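According to our numbering, the sequence shown is numbered sequentially starting from 404.
Don't read these hints as lab results, they were simulated from the structure. Quick caveat: nothing in here was measured; it's all calculated off a predicted structure. A few of these clues could be false.
If you anchor each label on the Cβ, the simulated ranges turn out as follows [what the hints assert, rightly or not]:
| no. | residue 1 | residue 2 | range |
| --- | --- | --- | --- |
| 1 | Gly433 | Asp495 | 16 to 26 Å |
| 2 | Phe512 | Glu448 | 33 to 43 Å |
| 3 | Leu496 | Gly476 | 15 to 25 Å |
| 4 | Asp418 | Trp460 | 23 to 33 Å |
| 5 | Ser426 | Gly492 | 36 to 46 Å |
| 6 | Asp495 | Arg516 | 28 to 38 Å |
| 7 | Glu457 | Ala498 | 29 to 39 Å |
Okay, derived cross-link-like pairs now, DMTMM-like style, lysine to aspartate or glutamate, Cα gap no bigger than 25 Å in a straight line [to be verified]:
| no. | residue 1 | residue 2 |
| --- | --- | --- |
| 8 | Lys521 | Asp479 |
| 9 | Lys407 | Glu459 |
| 10 | Lys521 | Asp500 |
We treat Cβ as the ideally placed atom computed from N, Cα and C, and that holds for glycine.
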Amino acid sequence: MIVKDEAHVVTEAFDSVRAFIDSWCIVDTGSSDGTQDLIRSYFAEAGIPGELHEREWVDFAHNRTEALRLSRGTADYGLMMDADDLLVGEPDLDALDADAYMMRIGTSFTYWRTQLFKLERPWEYRGVLHE
């Protein structure tokens, strides 16, 4: 996950994945609203280990690629979420065997996006992202 000034929404995203994660890796790109402290305290209270990295913003491709690279070695798979994403339902994480998985995004207007990555692979985002 990459974040900047997301204190107003990010705990809802964390609540939606809390039961499914063993660790976390988040890159903050310059928050000034207390997002960093909120992240640290949320996961400390949850007892879930992880790392918060602070990096300068470059672009989505660069910063998301960096987040995936920083996650390598911390888990088998990494879930790339936006701070306002919510995981709905209960994924069957015991059945994972592919290099990546697409997930449906949205409820009324929906689209598919690759969200779950096998971290041992050298994933890289390229190009400009329009969301």
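Worksheet item: Of the hints stated earlier, which fail here?
Response: 1, 5 and 6
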